[in-house]
Amino acid sequence: MASIAQLQKQFIEYTTTLYSEGYLNDQFKQLQKLQDESDPNFLVGLVSVFLEDSEKLIKILETAFKQKTVDYEQVSLHVHRFKGGSSSIGAQRVTSVCVSFMNYCKEKNLDGCLWCLQQANHECILVRNKFEVLFRLEQQILKAGGSIPMME
Amino acid sequence: MGLKIHGHSHHGHHHHHHHHLVAVSLNEQQLGTKRKYRTYFPRTNQGKYLALWIITFGFAAIYVYRCIDEGHQERIEEGLVSMCDQRARMLQDQFSVSVNHVHALAVLVSTFYYYKNPSVIDQETFAEYTARTAFERPLLSGVAYAQRVMNSEREEFESQHGGTIRTMANKEPSPHRDEYAPVIFAQETVSYLNLLDMMSGEEDRENILRARSTGKAVLTSPFKLLGSHHLGVVLTIPVYKSKLPPNASVRDRIEATAGYLGGAFDVESLVENLLGQLAGNQEIVVKVYDVTNTSDPLIMYGRQTQDGDRSRTRVSKLDFGDPFRKHQMTCRYLHKAPISWTATTTASLGYVIVLLVGYMFYTGAIHIVQVEDDFDTMQQLKVRAEAADVAKSQFLATVSHEIRTPMNGILGMLALLLDTDLSSTQRDYAQTAQACGRALITLINEVLDRAKIEAGKLELEAVPFDLRSILDDVLSLFSEKSRNKGIELAVLVSDKVPQIVMGDPGRFRQVITNLVGNSVKFTEQGHIFVQVHLAEHSKAVLESKSDTCMNGRSDGQFKTLSGREAADDRNTWDKFKHLIADQEFPFTTSQNVTLMVSVEDTGIGIPLHAQELVFMPFMQADSSTSRHYGGTGIGLSISKCLVELMGGQINFISRPQIGSTFSFTCVLKRCEKNTITDPKRPNYDDLPTSFKGLKATVVDNKPVRAAVTRYHLKRLGVHVEVISNIGIAVSDSGGIPDSDSGSRPDMILVEKDVWLSNGNVLKSPKMILLATNITGMEFDKAKNAGFSDTLIMKPLRASMVAACLQQVLGTGKKVEQGKVMANGSVYLRGLLCGKKILVVDDNRVNRRVAAGALKKFGADVECADSGKSALDLLKLPHGFDACFMDIQMPEMDGFEATRRIRLMESQANDQQTNAGSMDGSTTKYHLPILAMTADVIHATFEECQKSGMDGYVSKPFQEENLYQAVAKFFESKPTTES
Chain W
1 MASIAQLQKQ FIEYTTTLYS EGYLNDQFKQ LQKLQDESDP NFLVGLVSVF LEDSEKLIKI
61 LETAFKQKTV DYEQVSLHVH RFKGGSSSIG AQRVTSVCVS FMNYCKEKNL DGCLWCLQQA
121 NHECILVRNK FEVLFRLEQQ ILKAGGSIPM ME
Chain R
153 MGLKIHGHSH HGHHHHHHHH LVAVSLNEQQ LGTKRKYRTY FPRTNQGKYL ALWIITFGFA
213 AIYVYRCIDE GHQERIEEGL VSMCDQRARM LQDQFSVSVN HVHALAVLVS TFYYYKNPSV
273 IDQETFAEYT ARTAFERPLL SGVAYAQRVM NSEREEFESQ HGGTIRTMAN KEPSPHRDEY
333 APVIFAQETV SYLNLLDMMS GEEDRENILR ARSTGKAVLT SPFKLLGSHH LGVVLTIPVY
393 KSKLPPNASV RDRIEATAGY LGGAFDVESL VENLLGQLAG NQEIVVKVYD VTNTSDPLIM
453 YGRQTQDGDR SRTRVSKLDF GDPFRKHQMT CRYLHKAPIS WTATTTASLG YVIVLLVGYM
513 FYTGAIHIVQ VEDDFDTMQQ LKVRAEAADV AKSQFLATVS HEIRTPMNGI LGMLALLLDT
573 DLSSTQRDYA QTAQACGRAL ITLINEVLDR AKIEAGKLEL EAVPFDLRSI LDDVLSLFSE
633 KSRNKGIELA VLVSDKVPQI VMGDPGRFRQ VITNLVGNSV KFTEQGHIFV QVHLAEHSKA
693 VLESKSDTCM NGRSDGQFKT LSGREAADDR NTWDKFKHLI ADQEFPFTTS QNVTLMVSVE
753 DTGIGIPLHA QELVFMPFMQ ADSSTSRHYG GTGIGLSISK CLVELMGGQI NFISRPQIGS
813 TFSFTCVLKR CEKNTITDPK RPNYDDLPTS FKGLKATVVD NKPVRAAVTR YHLKRLGVHV
873 EVISNIGIAV SDSGGIPDSD SGSRPDMILV EKDVWLSNGN VLKSPKMILL ATNITGMEFD
933 KAKNAGFSDT LIMKPLRASM VAACLQQVLG TGKKVEQGKV MANGSVYLRG LLCGKKILVV
993 DDNRVNRRVA AGALKKFGAD VECADSGKSA LDLLKLPHGF DACFMDIQMP EMDGFEATRR
1053 IRLMESQAND QQTNAGSMDG STTKYHLPIL AMTADVIHAT FEECQKSGMD GYVSKPFQEE
1113 NLYQAVAKFF ESKPTTES
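Chains as they are written, first to last, in the working numbering: chain W, 1 to 152; chain R, 153 to 1130.
Since the hints were derived computationally from the structure, they do not count as laboratory data.
Be aware that a few hints might be false.
Claimed, not checked - With a Cα cut of at most 30 Å, we get these calculated DSBU-like pairs of lysine-lysine:
(1) R/Lys-323 - W/Lys-108
(2) R/Lys-395 - R/Lys-323
(3) R/Lys-866 - W/Lys-33
(4) R/Lys-395 - W/Lys-130
(5) R/Lys-935 - R/Lys-866
As the list claims (entries may be wrong) - Not the full set, but computed from the structure, chain R residues with beta-carbon under 7 Å of chain W:
(6) Pro-327
(7) Arg-329
(8) Val-997
(9) Asn-998
(10) Gly-1004
(11) Ala-1005
Small disclaimer: the values here were computed from a predicted structure and weren't measured.
For each residue, glycine too, the CB sits at the ideal point set by N, CA and C.
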């Protein structure tokens, strides 16, 4: 078992890479701040909701693109939701994919859309893994009796 | 501030993207149709068409030439024909005349030689007769008569004539023949023929035989005559012994033949003479042929070598009376007929003209095609330029938007950071960062503003506002800076300007703020003076008094606000006193008020070379300026746009190292104060009225400054008297207490410099010191003099003056403790704590985030995942204090949901009033609804208002943002139920 200090250091480094590599942005920091003793599982719950929703949306989109005629309006509505969710959570890379996705939808560019969908799926999986690692670290720190360091 | 601007300056750039895209595609369509020109000429291969044209008209020219030339040739031909025929006829006539004479001789010989017996003619007679009648036969070299002598008669004949018959060839005695034809009579010219046998010559023999058998004059073929070199023919006519019947047979004729009369025709001389008599002899070549044998024409006249013009030949038949012989005359022109000049010139000139016309068309077509191509290119370039412009705007909008989002995050975080416990250094850093961030946001907003104005997307509001309070606000913005720099900053609004006007206060403020901000930035000492007058009044004053321009100088001081020289010397006291004079100015009753606003400073001025560029975006005087003073220089260009939108003009007068005066006009609408009942618009604050009727004395030696002070006091309803000397003031107030109590001032306001220079330490509770900046020493002095509480730091503002007066005069009423702008989460917590708030969003994540954020500030949050469920929750009565509504939701969007909520509310309100409210103060249902949107651009405030929303917050939720939105309505209606 690593020491609390080590864990905390690891946590900070990891979070920093998340920000610097653009997986997350300031929005997530703000969310982290919203979490306090009254609702300790706020972030975890939020992230899991986001990930669930994302999976659902991706499935919906996948089926939508399998149709003979793609209903771009419907698709862009879903993408919009996807974008809203991701920007709320601060999953920046997902958001940016969603933005280009929206643009392709506007152009009705099927190839672009499909590429974006693949990309979004990819980014979701990536960010999910990142979140998992982050929360595991958090859990470890809490279990060891330490406190989560705040990123400022 | 950044966030606030963010709120209103960004609606609708989404719209204009769209709009522009449509415009571009429209343009392209137009271009497509425009390319189909109506062509009346070939667009390609003009060269080929030109060649075709040249060739066609080449043939045409040749044809024309032929036509004209043909007539010409015909005339030449006709001339030849007539000449030739004339010559032939004359020749023939002459010839026949001669023949007739020979005939006559023949008759003579037969008559007098044969019918008379004995004969009456002998050689002598014949010779004499012929010699005397020779003029009748000019063509005959001579005539001779040969007798027919049979061989049997030869001897008798020879003896009778005393000589032998000789041959013609060698003049020897003739050998034995059947028949002879010796000459017995001969003209003297041919006497050598005597007794020569004519039948010994081949030609003559044939002639003789033919003549006697036909009984007519016959001719030999041409031969060289004896004794001359001329060609000639021999004419032979038979002489018969007896008269023959007309139908006598050949045999009879031969039997009856007695002899033959002959003569040699000198044809050459004949023709020569003849031609000599005729005009036009030089032009033609005449030849006479004997064509009895058609295959071998024998020439009778004419030199073989002389050919003349072979192209044109006329052949005329000649009839010399001998049916056996055929003669003809051929005539040719000596020289080739000259080419017809008319034909040549007509054809060639015509061709040249046609060529030129063709060339003109050719160049014209090429030119037109080129111009059209150029036009096309231009059109394309135009479209591209427009597209580029659109792209630029889009880019600007996108980039600014993209920057704004993280910037808002940064600012929000900084605000949060500043709420935490920080060391002073940390706080300083954070505050610096926040200030920088705000500056950046302001810049971005300015850029966006400009883009929006350029796109014509900026619409001005028309709401009533108080100009003076706006100016006070602007002043307060810069008061800190001006105080630090020690600049006198003042504002003065003419009395003639109405209290309340209709217009766009935000934009008006923006322009003033920009101008004043620039002035503050570039001014290190002196003053900045903002004046507002009615434009027509200002103009009238400036025009009428322009003669007294002395640059306002007196005693080494300029009569300006601070005594320093200003760029626009028209604005000095001499003019100014007329502007602020109380005299009535004839009001126009029109609906519009045109204001003239000027901002005068004594800063570094604008270099002359840069003055033209002042209103161009991103132009500062030079790069060193921007390094030194910062800023982008976009502000003035925006100001110019805004002023133009407000129907005015902006211009400036600037003198380097002296200062600049920017002035602009703007057209606002007149508005009666009592028509404004909208309390939600805090665009004018009501000043306390408790000072009405008080009297004040302002001690100031600078009239302009005094006027400013007077203006602010006047707004409070205080009557003001201005004096320049403190002594008078003191004597007025205290010295003679009961001279006239009515004129005693209730307070005395003294300018610091007057007070200091005077040195008169006068302690009076009613005295107030006015100062722009004050040093510590001066402050101590003032404190000692009792001014500690009664020191008003400039710039003056009516509200500030009011507060100070309250303190001095002690007019009860605690000064309203201002609105403590606890700009932070503490305040927000206070606002939201315990409030029940409904969050409507279809996105779970968003919902949770919003709820989390609101919960953090103590709010009691409930969520709804669709418009419908929100409606269910909001069935009246409900306990919600506010509702945050997502706009873009499936099925029922935020606007629709809000409309329905408002409908429900109004129905409930109606019922309430219908039911006859028990107590008049029943609260009307109106739930504050705030839109939540990620798309700040899309969510224009009007759109929100239209559907009945009260405001909007941008997603994702951020503290400062939230505070702005929530504070607005929780503050304005601080007494919600619960």
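We went through each hint and held it up to the structure:
no. : hint                  : result
1   : R/Lys-323 - W/Lys-108 : violated, 134 Å
2   : R/Lys-395 - R/Lys-323 : violated, 34 Å
3   : R/Lys-866 - W/Lys-33  : violated, 52 Å
4   : R/Lys-395 - W/Lys-130 : violated, 163 Å
5   : R/Lys-935 - R/Lys-866 : holds, 27 Å
6   : Pro-327               : violated, 134 Å
7   : Arg-329               : violated, 133 Å
8   : Val-997               : holds, 4 Å
9   : Asn-998               : holds, 5 Å
10  : Gly-1004              : holds, 4 Å
11  : Ala-1005              : holds, 6 Å
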